[in-house]
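This is what each chain is made of:
Number of protein chains: 2
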Amino acid sequence: MTHRLIVTSCSVLVVPEQGPCRVETDQDILVEDGVIAWLGPAGSGPEAAGAETVDGTGLLAVPGLVNAHTHGPMTLMRGAAEDVSVEDWFNERVWPMEVNLTPADIGLGAELACAEMLLSGVTTFADHYFHAERIADAVVRTGIRADLAPTFFSSRGRAALEESAETAVALHGTGGGRVTASLGPHAPYTVDDADLVRLAELAKAAGLRIHIHAAEHLEQTESSLARRGITPIGVLERTGVLDAGALIAHGCGIVPEDLPTLAAHRDRTGVACCPKVYLKHALHPLTPVRSLLDAGVAVGAGTDGAAGHNTLDVWEAMRLIALTQKQAERDATWMTVSDTVLLATRGGARALGLGDRIGSLEPGRAADIVLVDLGGAHCRPVHDPVAALVYSARASDVRTVVVDGRVVVRDGRLLTVDLPALLAEIEARVPALLDTSHGRAVQHYDP
Amino acid sequence: MTHRLIVTSCSVLVVPEQGPCRVETDQDILVEDGVIAWLGPAGSGPEAAGAETVDGTGLLAVPGLVNAHTHGPMTLMRGAAEDVSVEDWFNERVWPMEVNLTPADIGLGAELACAEMLLSGVTTFADHYFHAERIADAVVRTGIRADLAPTFFSSRGRAALEESAETAVALHGTGGGRVTASLGPHAPYTVDDADLVRLAELAKAAGLRIHIHAAEHLEQTESSLARRGITPIGVLERTGVLDAGALIAHGCGIVPEDLPTLAAHRDRTGVACCPKVYLKHALHPLTPVRSLLDAGVAVGAGTDGAAGHNTLDVWEAMRLIALTQKQAERDATWMTVSDTVLLATRGGARALGLGDRIGSLEPGRAADIVLVDLGGAHCRPVHDPVAALVYSARASDVRTVVVDGRVVVRDGRLLTVDLPALLAEIEARVPALLDTSHGRAVQHYDP
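Chains as they are written, first to last, in the UniProt record's numbering: chain X, 1 to 447; chain D, 1 to 447.
Chain X on its own, in the form it takes in the complex (with noise of 0.2 Å):
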């Protein structure tokens, strides 16, 4: 039996391929199996007598919004890892707490990411960890959309990298087509050239695409360079890595000399760009956005793991992009706020390869929706709807977020998890996620 859902009177963002936002008053939306089956005029369209509904009155409907990368269990260590060097983030704090984490551990720190996502409005993730299994099975019981990759170091050796293949090949499709999977090589300084070859051929023979970081920071483009003669993007040329498709993440190493090696892989290429993490890390420069954007490559935001970005929240990475973007340019018209939503709702869907699913509210599409209210002191009056969304809106204006159809928060409140309960079996683990005493680490940060 279909099941359908009407969102009923509110108003919705029209997020165009290109150009300016706007705004549709007074609008239905209606689903049906968890697709958009219609959207118009309140009032004005089919029957839906039976349908599960949402009133929407006064509040505006956006796209989901898509985090283009994140570690999702990395909330387990939220604020562990502060004021200190990329150096000591990697190899004095993260990598060897995360010699501590238990499968059960990646689940619950999964699940938290998830409630966290979902609450702010973000209905679809791209994560890169370990135990993606049990990331897929958070993804599965909280409702939220994910494409998922299993981490993958050449120093864990051939069969882990077999095995991290077999994953993906098995969590994509699954939770009722919610969990896609990538392949998940850490990065060309962790993944060395045989191990991303063979990445590759599997990436395609299973047609499934790549999700890796490179390019990470100017700095690892020069090591690449002076250790090996070639870009951290040319490496992912030669090993056939771009030709399989690929997420990379960061890129803020991208230099001129990638930009027509991206441009040639553009239809099957997306850059997520996080910059929160950049600026706490002092990085400089950022993802060159423009010259991505110019070269056809799809461009989403990312919050990276909340070891380093502290939260989960796309508002947040979106409104930095936009920010940081005019900053690095010295041009304060461009990235404009309609540039800026797209990002982090078609953009990010690109830059996922789910671009024809989600990112935008139009019939056909998955119902990923999110309700939000700017009626608070602090987004009134509205006089542009879109530059509300970009900065002033909060995370906690979302009030009420469908996934595939099927409402996962309403009224600020998330149906699928017992946040206490979550929250008490995290706090238990503390102690043991945070000693380091044992000297160890899950791998040495030298890129």
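What the hints contain is simulated information worked out from the structure, not anything from laboratory work. Treat the hints with caution; some may be incorrect.
To be verified - Footprint (simulated), chain D over chain X, 3 or more residues, beta carbon under 8 Å:
hint	segment
1	78-91
2	113-123
3	272-283
4	325-333
5	383-395
6	418-428
Claimed, not checked - Simulated coverage check for chain D against chain X, where a stretch passes if three residues somewhere in it have a Cβ under 8 Å from a Cβ of chain X:
hint	segment
7	82-92
8	357-367
This structure is a prediction, so every number in the text was calculated from the model and none was measured. Where is the CB? At the ideal position from N, CA and C, for every residue including glycine.
On the provided structure of chain X, position chain D as indicated by the hints.
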């Protein structure tokens, strides 16, 4: 009769003058006639029978945040000047719109500003605007604390100068001491030297300070050097403004040669850093916070007006200062979470000349207390509460706000403003506010 208030069983954020902040758990705070009388382990304090009680269980008490520079009434223009250059922002959007403002509008905009700030835990703000008496009314009514500077341009003439000074003198000390005042010359590029000299004399005679925009960006400094052979900070020194005591807004164009001048007046000089607007206007460099702090100058966190900043959210300003200063200095280990909190509390208090009255929770200080809930999914687990305040918390995590010993926000609800009625009044004025068909402006921008 003594009014007594007790906040029971909260955690308390201790913000020392330098070094790491710390959290004391299970504390009571006893307030008598607006002043913190006692603070210590719950249940061990003086008898508090009959005191008004606020249950702080599970909440963190932090000093009320200080917004070191804003233009409150510009909430009316929130989001009405996006994606434009600094020149167009002033000349095409904001200064033409300001022609439309009536004194009554300014009162409405100020009341909305006070409401927004109180709801987000800002208990004190430094304001710079026209019709400051209307803003004072809003401050008194809403229960917030403010230092108000009546804006003056030399284009308004000498009578307006004297009137602006008289307004400041009349306002200073009103509202039971919650209103203080400063003189408000707009900037060295809109107020001539003779007028700055006169205002500095008036300030010294009245025992008031001066709140002024200066060296807003490097191009202003370069322009001043080219036209006059002196930096804007040099102008402030030569005209006696620094001698009177100055709160300098922005200072992104403060150059190394200015530092000895500022250091010589360190006991009475503050600089307000408002990074969101600098990024939005594509400015580079930013306020040289490290050099200023090294010179002993007080630095506070500001939002500027909502026509540029879109919110009056000091949490956002504080976070952006940490992020942008780390990047600007290419040093991830400086502007620590504790140093950042300091700027938004004690730093702002000092910058406003209120360093002995507000900015920390200790006996003898005014009882400006904000209770924050770090229990949300976006803050947990809380490995480091100071990091949580800087990098995870949102304005919406503020639960209860006390100013001068009076509860003005309780459980997220503002007790002193009828917000729906206020917003309805403002909405009715929106078409008139946005109409710039008159072709006039309050001033022309050409620094």
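*asked:* Please list, smallest to largest, the hint numbers that this structure does not respect.
replied: Violated hint: only 8; rest satisfied.
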